[in-house]
Amino acid sequence: GRYGDANLAGIDHYNKLIDALLLKVTEPFVTLSHFDIPQELEDRYGAWLSPESQYLFQVLRGQGEVLGHLQRAKYSHHEWIPLSCIPTISNSQCTSPFGNCINGDSEKEPFVAAHNVILSHALAVDLYRTKYQVQTQTLQNQSRYNVDGTACEVLVEMINMLFIEDIKDEYSHNHNSLYLIDKIQKEQGGRIGITLHALWYEPISDSSLDKLAAEQSFFMNWLVFNSPPILQSLDPLIYGQYPAETREILGSILPEFSSKDQERLKTELDFIGINHYTSFFHVQDCIFSVCEPLLGTEGFTRQTTLKNGIHIGESTGMLLRVYPQGMEKMVTYVKERYNNIPMFVTENGYCEKTNSSSTIEESLYDVKRVEYMAGYLDALSTAMRKGADVRGYFAWSLLENFEWLSGYTKRFGLHQTEYATLEQTPKLSAAWYKEFIETKMAVKSLMPEPVQMLLSSG
1 GRYGDANLAG IDHYNKLIDA LLLKVTEPFV TLSHFDIPQE LEDRYGAWLS PESQYLFQVL
61 RGQGEVLGHL QRAKYSHHEW IPLSCIPTIS NSQCTSPFGN CINGDSEKEP FVAAHNVILS
121 HALAVDLYRT KYQVQTQTLQ NQSRYNVDGT ACEVLVEMIN MLFIEDIKDE YSHNHNSLYL
181 IDKIQKEQGG RIGITLHALW YEPISDSSLD KLAAEQSFFM NWLVFNSPPI LQSLDPLIYG
241 QYPAETREIL GSILPEFSSK DQERLKTELD FIGINHYTSF FHVQDCIFSV CEPLLGTEGF
301 TRQTTLKNGI HIGESTGMLL RVYPQGMEKM VTYVKERYNN IPMFVTENGY CEKTNSSSTI
361 EESLYDVKRV EYMAGYLDAL STAMRKGADV RGYFAWSLLE NFEWLSGYTK RFGLHQTEYA
421 TLEQTPKLSA AWYKEFIETK MAVKSLMPEP VQMLLSSG
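Just so we're aligned: 369 in the UniProt record's numbering is position 369 of the sequence shown, and the numbers increase by one with no gaps anywhere.
I should point out that these hints are in silico values taken from the structure, not numbers from a laboratory.
Errors might be hidden in some of the hints.
Taking lysine-lysine and the PhoX-like style, the derived pairs with C-alpha atoms no more than 20 Å apart in a straight line are [unchecked claim]: (1) 434 <-> 368; (2) 335 <-> 386; (3) 410 <-> 368; (4) 329 <-> 307; (5) 211 <-> 329.
The calculated label-pair distances, taken between Cβ atoms and stated as ranges, are [what the hints assert, rightly or not]: (6) 241 <-> 426: 23 to 33 Å; (7) 417 <-> 23: 18 to 28 Å; (8) 426 <-> 247: 44 to 54 Å; (9) 437 <-> 7: 34 to 44 Å; (10) 207 <-> 426: 41 to 51 Å; (11) 40 <-> 205: 29 to 39 Å; (12) 105 <-> 425: 40 to 50 Å.
On a predicted model such as this, the values are computed, not experimentally measured, just so you know.
Ideal Cβ positions, reconstructed from N, Cα and C, are used throughout, including at glycine.
Could you build the full structure based on these sequences and the hints that come with them?
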């Protein structure tokens with residue numbers, strides 16, 4: 001096919017992984033693309049800079065074994081995240097003033113890449129909804145002509161397509177449409193959404209201009225993680241168009257959605273995933289005023305962690321200052337702008353530098369991580385008490401991970417990894433978080449729905 005044959009060994013690996021999770025009563029959240037893209041697609045199509053990349057997830061039509069496996073799994077819900085942390089910088093595309101590569105246009109290409117990513121996500125959602133996700137109302141409509149309750153042919157075809165063996169067996173004994181619809185919905189209650197990095201920006205002063213400029217950062221700031229701002233990605237997926245502010249500021253630099261594109265964008269999100277770690281002060285708008293050259297593209301704002309000589313929060317092992325208030329404010333902002341679509345905090349965690357002089361005991365006693373998690377979870381709870389429909393929280397991360405260019409020198413894990421032996425030892429934060437889950441999960445009176453406190457495997 002367009003993208004080659006299915007990697008059967010890879011499918012077998014994920015099938016086994018899913019089985020192992022289910023045996024431990026752990027609900028899978030499946031991310032199909034997180035920043036990186038296969039080198040073959042980079043070489044053949046130019047990755048996200050090519051419109052061909054929009055059809056990346058159509059490959060699922062030929063690799064439905066993983067999806068099919070999930071449909072037969074014995075749990076009521078599973079979440080799909082086709083795209084997490086949208087990438088916008090393509091390999092070797094770093095023209096002046098951002099680099100010395102001979103190819104590319106760093107002023108325009110990040111917007112082209114983000115545009116293709118958004119359309120790719122829309123296609124992936126459409127594929128999932130039409131081929132894999134069963135909607136109760138649709139099945140009821142398809143069965144409405146069977147006044148005697150006998151299952152219609154299209155319902156039988158749906159049962160066969162979803163590989164639901166136990167329902168096939170039940171169908172041989174019970175042909176009632178409504179009964180079978182209920183069974184299918186319980187077996188296949190999957191949801192699909194997208195995850196984005198979400199920074200909070202505080203104004204550098206109380207002036208109305210600085211407050212307005214800080215809000216515009218949500219539309220225009222591409223600096224951190226080389227990702228588009230959250231509103232520039234969510235507005236098209238929810239409202240079918242880029243924010244008016246973005247269109248006005250960028251003009252012809254910003255790609256346009258065709259009428260066909262806008263039809264594709266009408267697929268709704270079941271949830272919004274938010275990766276939130278830190279916040280900044282907004283310093284200067286670099287669109288209508290002259291700023292020093294920055295490592296980025298059109299639409300930057302200058303940001304800092306300093307105000308009147310005081311940092312916004314305590315430092316961590318990376319450029320991620322501790323500011324729990326940003327969690328409440330960001331979640332509330334997304335709630336209000338997007339009609340309280342269900343949210344998951346898909347990443348939140350504390351980074352420490354690897355210290356070769358520390359003893360094992362010192363490394364395991366990660367009080368700062370506990371303080372960080374307690375503060376951010378308290379802020380998240382405040383947003384929820386005010387009505388934010390937050391369905392779950394993922395601590396980043398269960399284990400230590402290879403942290404980009406920092407490699408193994410940065411540690412996010414709730415478990416200490418000895419890299420020489422791969423031995424895993426729970427830290428203080430793991431014990432604290434376990435107790436938090438056990439004691440707080442029972443308090444549901446103020447929650448929109450039962451909240452899942454889940455650990456990400458990183």
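Do the hints match the structure? See the list:
no., hint, verdict
1, 434 <-> 368, "holds, 17 Å"
2, 335 <-> 386, "holds, 10 Å"
3, 410 <-> 368, "holds, 14 Å"
4, 329 <-> 307, "holds, 19 Å"
5, 211 <-> 329, "holds, 14 Å"
6, 241 <-> 426: 23 to 33 Å, "violated, 47 Å"
7, 417 <-> 23: 18 to 28 Å, "holds, 23 Å"
8, 426 <-> 247: 44 to 54 Å, "holds, 50 Å"
9, 437 <-> 7: 34 to 44 Å, "holds, 35 Å"
10, 207 <-> 426: 41 to 51 Å, "holds, 48 Å"
11, 40 <-> 205: 29 to 39 Å, "violated, 50 Å"
12, 105 <-> 425: 40 to 50 Å, "holds, 49 Å"
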